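**Student:** What follows is each chain in one-letter form.
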Amino acid sequence: MIAHLLSSPAALLLLGPALMLLLAAVPAAVAIRHPLVMGCLIQVAGLAGLLCTLALALLSVLGEVTTPVTLVVLGSDSGVFPLALSVLADSLTFTLLGLVSLLAAIIARYSTNYLAGEAAQGIFFRWLAFTVSAFMLVVIAGNLLMFVIAIIVTGTGLNRLLTHYRRRLPAQMVAHKKLLFSRMADAALLTAALLIAFSEGTLSFEAIAATAERGDTGWQLHLAAWLIVAYAILKSGQFPFHGWLLQVMEAPTPVSALLHAGIVYSGAIVVLRTHELLLADGFALIALALVGLMTAALAALAMLTQTAIKSSLAWSTTGQLGFMLLELGLGLFVLAVLHLVAHSVYKAHAFLSSGSMVDLLRAPGGKSGSGRRVTTLAWGATVALSAAITFAMAAAWGVTLASEPSLIAIGTIVAVAVAQLLLAGWSGAALAVRLLLVSVLVTGVYFALHKGFAAVYDGVLAPIPHEATLGQTLLLGLVALVFLGLSYFQTVLTSRPAGPWLRRVYVHLYNGLYTDLPVERLVYRVWPARFRDLPGRRGRLRS
Amino acid sequence: MTRSPSQVKDIAAAVDAVCERFAPFWPLDAMVATNPYLGFAGQPFEQAAEYHRRIIGRPMTMNRDWFREQIAAGRITDADLAEALVRSRSGLDLDGLKAAIEEPVAVAVPQLLYSHMRDGRYRPSHSGYVVQQTSQFCAAYYDLGQALWPLPRFGDGLYNSWWHYTSIDRSPGGMDIRNADVALRTLPDTPREAIRAAVERMEVPEDRLEDFLYVALSTIGGWASYTRYLRWVAEMDGGRNDDIVDLLAIRVAWEALLVETCERPAHRAQWLQSLRCWPRALGPEQGRALEVNLVLQRALEIGYQRGLVAGLRRGGEPRPAAMTEAPRPSAQAIFCIDVRSEVIRRALETADPAIETRGFAGFFGVMAEYRPLGANRSRAHLPVLLPPRYRVCESAGDSARTGTLLARRRRLLGLSGAWKQFKLSCASCFSFVESAGLLYFFKLVTDSFGWTRPVPDPDSAGLGRGDAAALGPDLDAEHPAGGDEGGRWGIPRDERADVAAFMLESMGFRSRFAPLVLLAGHGSSTVNNPQRAGLDCGACAGQTGEASVRMAAAILNDPAVRATLAGRGRSIPDDTWFLPALHDTTTDEVRLLETEAVPAGLRPALDHLRHALARAGEITRFERLRLLDEPRPADNAGALRALRRRGRDWSQLRPEWGLAGNASFFAVPRARTAHLSLEGRAFLHEYDWRQDTDFEVLKLIMSAPMVVASWINLQYYGSTVDHDRLGAGNKVLHNVVGGRIGVLEGNGGDLRLGLARQSLHDGRRWVHEPLRLSVFIEAPAEAIDGVIADNRTVHDLVVNEWLHLFRLADDGEVLRRLPAGGWQRA
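Just so you know, the sequences run in chain order Z and H.
Sequence positions in the first sequence follow the working numbering and run 89 to 631.
Sequence positions in the second sequence follow the working numbering and run 2 to 827.
In short, the hints are calculated from the structure, not lab data.
These numbers were taken from a predicted model, which means no experiment stands behind them.
Some clues are possibly wrong.
[Unchecked claim] Selected chain H positions facing chain Z (Cβ under 10 angstroms, derived; list incomplete):
(1) A74
(2) R411
(3) G415
(4) K444
(5) D448
(6) S449
(7) W452
(8) V599
C-beta: ideal position from N, C-alpha, C; glycine also.
Produce the entire structure from the sequences given, and follow the hints as far as they go.
**Tutor:** Next comes the structure, spelled out in C-alpha cells:
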C-alpha cells in the first residue's frame with residue numbers, strides 16, 4: 089500500500105488530514121497539559137496541508153500530474169461494498185482543501201490566546217484537529233460513501249466543539265437541533281449512496297459523472313438526485329431548517345468561524361461533486377434554486393432587523409448559502425465555487441473580528457443607515473445607471489445575454505448591488521464621482537473573477553450554460569424580480585415611516601418567522617432527559 | 002377588586018422604590034464603572050446581603066468553598082477571624098466559627114414569579130422565553146447602529162411600543178401561551194396603569210408587592226440598568242426619563258399574560274400561596290450560613306488591612322515643615338489615581354528619586370465634553386458624577402488646515418459608509434462577497450499576525466498618519482469645523498484662570514513647582530475588544546485621558562492665565578512648563594505629547610525625564626508581566642515586544658488586568674506611602690490637609706474621587722461574587738448588541754453588566770480578590786466626621802460599611818472609624 093501511495097503525487101493531499109488525525113489521537117491528559125503545543129501543531133498541520141495542496145496544484149498546472157484523477161488508497165470504488173478511501177485530485181479539491189487548511193491554521197492560532205487559561209483548551213484543540221481532519225477527508229473524497237462517512241464523523245466532532253461549554257443549556261440545545269437536521273441529512277445522503285451503488289455498482293464520483301453524462305439514468309439515480317438536493321437543503325440551514333445555524337454563538341467564536349466558513353458548505357460540495365447527475369435530472373436543481381432563492385430573500389430581510397452582531401452574521405450566512413444553492417440550481421457551478429471561497433474567508437474574518445463593532449461605531453459618522461429618505465424615482469434612476477455600468481462591463485468581458493442567458497439574473501443582482509453603493513452619492517458630487525469609480529472597479533473585478541473561475545474549473549465543472557429552456561428563463565426572470573424587490577424594499581420602503589403592513593412584516597422577520605420554537609419543542613420530545621439537570625433550566629435565578 | 006386612592010399611591014411608591022434599586026449601566030463606548038449596589042447604599046451591607054439572598058437567591062460574598070481555600074492557604078488567619086468576630090459583634094466564638102465554616106451550605110431558591118413556576122422540565126422554559134422576548138425588544142427599541150432596518154415606530158414610549166409590537170408577535174403561540182393577544186388587549190397601554198392592572202389581576206398581596214416587583218425587574222436587570230442610565234443622563238441635563246418604569250410594566254405584563262392564560266387554576270393558586278408564604282427572614286440554617294460568610298468576608302478584609310496598617314506605621318511621621326523646605330524636584334509627574342498608576346509611579350521614583358510623583362483624577366479638573374473632528378456628537382471626558390461645563394472641539398489649529406482635514410475625513414468616511422452599505426444591504430451582500438470577498442483572504446492573514454487592525458482605529462479613522470498628530474483640542478474654537486451648531490464652545494479666556502485655580506487647588510499644588518510638570522492621562526492598547534472603554538480612564542468617562550491632559554496643559558501654560566493667577570497670589574514660576582502625556586497601561590510606555598512646544602531651556606530636563614520614564618516603564622513591565630500568562634522575556638526589549646503584541650492581538654482577551662485587585666484608596670501625602678509597595682491595588686490621591694485650610698478639598702476628595710473609587714471597587718466586587726448577575730460572563734461567547742450598547746452572552750438572554758470573567762479570572766483562580774475598599778485619609782478626625790455628616794452619599798458608604806475608613810494621625814498612628822461613629826486604634 090505504501091508503494092502504491094508513493095506512486096502518485098495525489099497522495100500529497102492526504103498529508104493534512106493524516107497529521108490532523110495524529111493530533112486528534114494525542115491522549116487527553118497530554119493535550120490538557122500542553123494546550124499551547126497542541127495549538128501550534130495544528131497550525132503546522134494546517135500549513136503543511138496548504139503547502140501540499142499548492143505543490144500539487146502547481147504540478148498539475150505544469151502538466152507533471154494529470155488531473156482530474158482519482159487515487160484509490162484503500163478498498164474499492166465498485167463491487168458489493170463500494171467503499172474506498174480515495175482521493176479525487178482536481179482543481180476543486182485543491183481549492184477546497186487549501187481553504188480548509190488555511191482556516192484550520194488561522195482558527196488554531198486565534199484559539200491559542202482566545203481560550204488561554206481554560207482548563208479544557210487542550211481538549212478543544214483535540215476536537216478541533218479531529219473535526220478538521222474529518223472535514224478534510226470530506227473535501228478530498230473521491231467516493232460518495234467515503235464522503236458520507238467522513239461527514240458523519242465531522243458532525244460528531246463539530247457537536248463536541250459546539251458543546252465546548254457542556255453545562256450551558258442553550259449550547260446543548262443548539263447542538264441537538266443541529267444533530268436532528270444533520271442526521272436527517274446524513275440519512276438522505278446515505279440512502280442516495282445506496283441507491284447509486286445498487287443501480288450502478290460504483291460510488292466513485294468520476295464514475296457517477298460518467299454514467300450521468302452517458303444519459304442512461306434509471307429511477308434510482310433520479311431519486312438519488314432528489315435526495316442529494318434534500319441533503320444540501322438540510323445541511324445548508326435552508327428555510328425552514330435554519331434555526332440551529334443562527335444560534336451557534338453559544339459556541340466559542342472560532343467554532344462559529346469554522347462552521348460558517350467551512351463545514352456548512354458540505355451540501356454545496358456534494359452538489360458540485362455530483363452535478364452531472366443533478367443536471368441529468370434537471371428538476372431537482374430547479375427545486376434547489378427555488379429553496380435557495382426563498383432562503384436568500386427571507387434571510388437577507390431578517391438580517392436587516394437583527395440587533396446583535398453575531399445574529400446578524402448568522403442570518404447573513406443563511407442567506408449567502410441560499411444564494412449559493414440558487415447559483416448551483418441555475419447551473420452556475422463555477423460562480424457557486426467563487427461564492428463559496430469568497431464567502432468562507434469573508435465570514436471567517438467577520439466572526440473573528442466581531443468584537444470590533446464598537447470601534448467601528450466609535451469612529452465619527454460610524455452609524456449605518458443614514459435615515460435619508462429615498463424616493464422611488466431616485467431608486468429607479470440609480471438602478472438604471474448601475475445596470476448600464478454592469479451590462480457594459482459584462483459586454484467588455486465578453487459576457488452577453490446571447491452567450492450566457494443567466495446574465496438576466498446575475499446582471500440584475502450585480503446592478504442592484506452597485507446601486508446600493510451609488511445611492512450614497514446623492515449626498516454630494518465629490519463623493520458621487522468616487523463612488524462611480526468604485527462601481528466601475530467592482531463590476532470589473534466581478535466579471536474578471538467570473539471569467540477567471542470559469543477558466544480554472546474548465547473540465548471539472550460544467551460550464552456556465554449557453555442556452556436556457558423556457559422554464560429556466562422564467563426562473564431567471566423570477567430571480568431578477570426578487571432582487572429588484574429586495575432592493576426596493578430596503579432602500580425605499582424601510583426609509584419611510586412604516587405603515588401597519590410593514591410593521592407586521594418587521595415583527596415576523598425579527599422573530600425569525602417563528603420557525604425555531606417548534607424545533608426546540610421537538611428536541612425536548614426527542615431527548616427529554618438530556619436537558620433536565622443543566623443549570624439555567626429555570627432561568628438565571630436558579631443557577 | 003378596586004383599590005382605594007391610598008393603595009394606588011402605594012403601588013406608585015413601590016414602583017419608584019424598586020426602580021431606584023437598579024444602578025445605571027453606561028453603554029460600551031463610554032463604559033464606566035458603577036456600583037451595582039448603588040440602590041442599596043442606604044442599607045447596611047449586611048442587610049443588603051440578607052435581602053439579596055432571601056429575595057432573589059443571590060450571594061453578596063464569595064462562596065464557602067473559596068473561603069475554605071483562603072483559610073487553607075493562610076490568607077485568612079485565626080487572628081483575622083477573631084478580629085472579624087469582634088467587629089461583627091457576632092455571638093460565635095472562634096471555635097464555634099471554625100466548626101460552622103465546615104458545615105454544608107444549603108441555598109433555597111425563591112419562586113416569586115409565576116413564569117418560574119410555569120417552567121416545565123420537558124419543554125422550553127417560559128421564564129427564559131419572557132426574558133428573551135423582552136431583551137430582544139429592548140435591543141431593537143434602543144439600538145444604536147446595528148440594525149440596518151431600525152424598529153419602526155409602534156407607539157409612544159417603551160411600554161406602549163411593546164404593547165403594539167407584542168400584539169402582532171406570534172411567538173407566544175409557539176410557547177403554548179394561548180390567546181396571549183386577547184389577554185394583552187385587556188391590559189392598559191400605558192405603563193403605570195398596566196402595572197396597577199396587572200398586580201391587581203394577579204392578586205399580588207400588598208405587603209409582597211415591592212418584593213414581587215423587584216424580583217420581576219431583576220430578571221431583566223441588565224436592561225433595567227440601561228434604562229436607569231437613561232434616567233441618570235436625563236436628570237443630569239435637568240430632565241426626566243421614566244423608561245425603567247416602562248420596562249417594569251413590560252415585565253409585569255408578561256407575568257400577567259402568563260397568569261391569565263394559565264389553564265390550570267390549581268397551579269396558579271400554588272404560586273400565590275408560595276408568594277404569600279415566602280419567608281420574611283432567612284431560616285436559621287440559611288441565616289447562619291450568611292452570617293458566617295459575612296464574617297469570613299470581613300476577616301479577608303482585615304487580613305489585607307493588617308499588612309497596610311503595619312506598613313503605614315513603619316513609615317513613621319512625616320515632618321510637614323521639612324516637606325515644604327525640601328529641594329525643588331527635577332520634575333513632577335502627576336498621574337491618574339487609577340490603581341495602575343501606583344506601579345509606574347513607584348517605578349519612576351526608583352528610576353530617579355529626584356522626580357516627585359502625585360496622584361489626581363485623570364481628567365485633571367477640566368470639566369468638558371469633547372467633539373472629535375467630523376463627529377456629530379460629543380463625548381463626556383469627565384467623571385459621570387459631574388455635569389460637563391464646557392464643550393471643546395478638535396481642530397488642527399488653523400482653520401484652513403482643519404477645513405482640508407475635515408473635508409477629507411468626511412469623504413473617506415462617506416466612502417467607507419457606502420462600502421459598508423454595499424457589504425451589508427440585503428440586495429447587495431451577495432455581490433459584495435463575489436467581487437470583494439476574496440480580499441479577506443489577505444486580511445485574515447495580516448490580522449492574525451497583528452500586522453493590521455481588524456477595523457481602523459476610531460480616533461484616526463479617515464485621517465492620514467501625520468494628520469491625526471496635527472489634531473488636538475481647540476480651546477478657542479467657537480464652533481466645530483464644518484458645523485453650524487449653536488451654543489457655547491471652547492473654554493472662554495476669562496474663565497480659564499478659574500479653571501486653572503480649581504485644578505491647582507484640588508491637586509494641592511501651591512508652591513514648589515518643578516521646572517517640568519508632567520500631566521499623565523492614561524489609555525490602553527487593545528483591539529477587537531468590545532469592553533475596551535472599561536480599560537481606559539474612568540475619570541474621563543471611559544475615554545483615554547489624552548484630550549483632558551492636553552486641555553489642562555494648554556490652560557496652565559497660557560501666559561495670560563498665569564498672569565491672572567499671579568495677581569491672585571498663586572504664581573507659577575516662569576520656568577515651569579506643564580507637559581501633557583499619555584500612559585499606555587497595556588505596554589507601560591509613556592508617550593509625551595506636544596513636546597515641540599517645550600521651551601528650549603527645558604530640553605535637557607525633558608531628555609532626562611524621557612529617560613527616567615523609559616526606565617520606569619521597564620521596571621513596571623517586569624512587575625506586570627508576572628501576572629500575565631506570558632513566557633518570561635529575555636530582556637527589556639523582549640518584554641516591551643510581548644506587551645505590544647498583546648495590545649495588537651485580535652484574539653487576546655486579557656491585554657492587561659485593568660483595575661483587578663483594587664482594594665484601597667489613599668488621600669495622604671506621598672511621603673506616607675512612598676516606602677510601600679502597594680502592588681497596584683491602591684488608588685493614590687495626593688492630599689495634604691495642612692494646606693487645606695477650610696477642608697474644601699477634603700470634602701471634594703471624599704465626595705468625588707473616593708466615591709468613584711468605591712464605585713469601581715464595588716463593580717469589581719459584584720462582578721466577582723455574583724458573576725452570573727453582575728458580571729458580563731464569558732468573553733468567548735460575547736455578542737455585541739445594539740451596535741454599542743452592551744454584550745449578550747451567547748445567543749440571547751438579558752444584557753450583561755459589569756466585567757467579563759476573563760477580566761477577573763485567569764482560568765485557574767480569581768485574580769481579583771473581592772474586598773470592600775479600605776480608605777486611608779490623613780486629616781483631623783473632626784474634619785472627616787464633618788464631611789461624613791454633611792454628605793449623604795459619603796455617609797451611606799461609611800456608616801453602612803460599603804467601605805472601611807481609616808485615618809492617619811499626625812504621630813503616624815492609624816485609626817479605624819467605627820461605623821456608628823468614633824475612632825479606634827487599628
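**Student:** Would you mind marking each hint as holding or not holding in the structure?
**Tutor:** Structure-based check of each hint:
1. A74: Because about 20 angstroms separates H:A74 from the closest Cβ in chain Z, which is outside the 10 angstroms limit, the hint is violated.
2. R411: 7 angstroms, holds
3. G415: Holds - the Cβ of H:G415 comes within 10 angstroms of chain Z, reaching about 5 angstroms at its closest.
4. K444: OK, holds: H:K444 within 10 angstroms of chain Z, min 6 angstroms.
5. D448: OK, holds: H:D448 within 10 angstroms of chain Z, min 7 angstroms.
6. S449: Holds, because the Cβ-Cβ distance from H:S449 to chain Z comes to roughly 5 angstroms (cut-off 10 angstroms).
7. W452: 13 angstroms, violated
8. V599: 30 angstroms, violated
The structure is inconsistent with the numbered hints 1, 7 and 8, although it conforms to all the rest.
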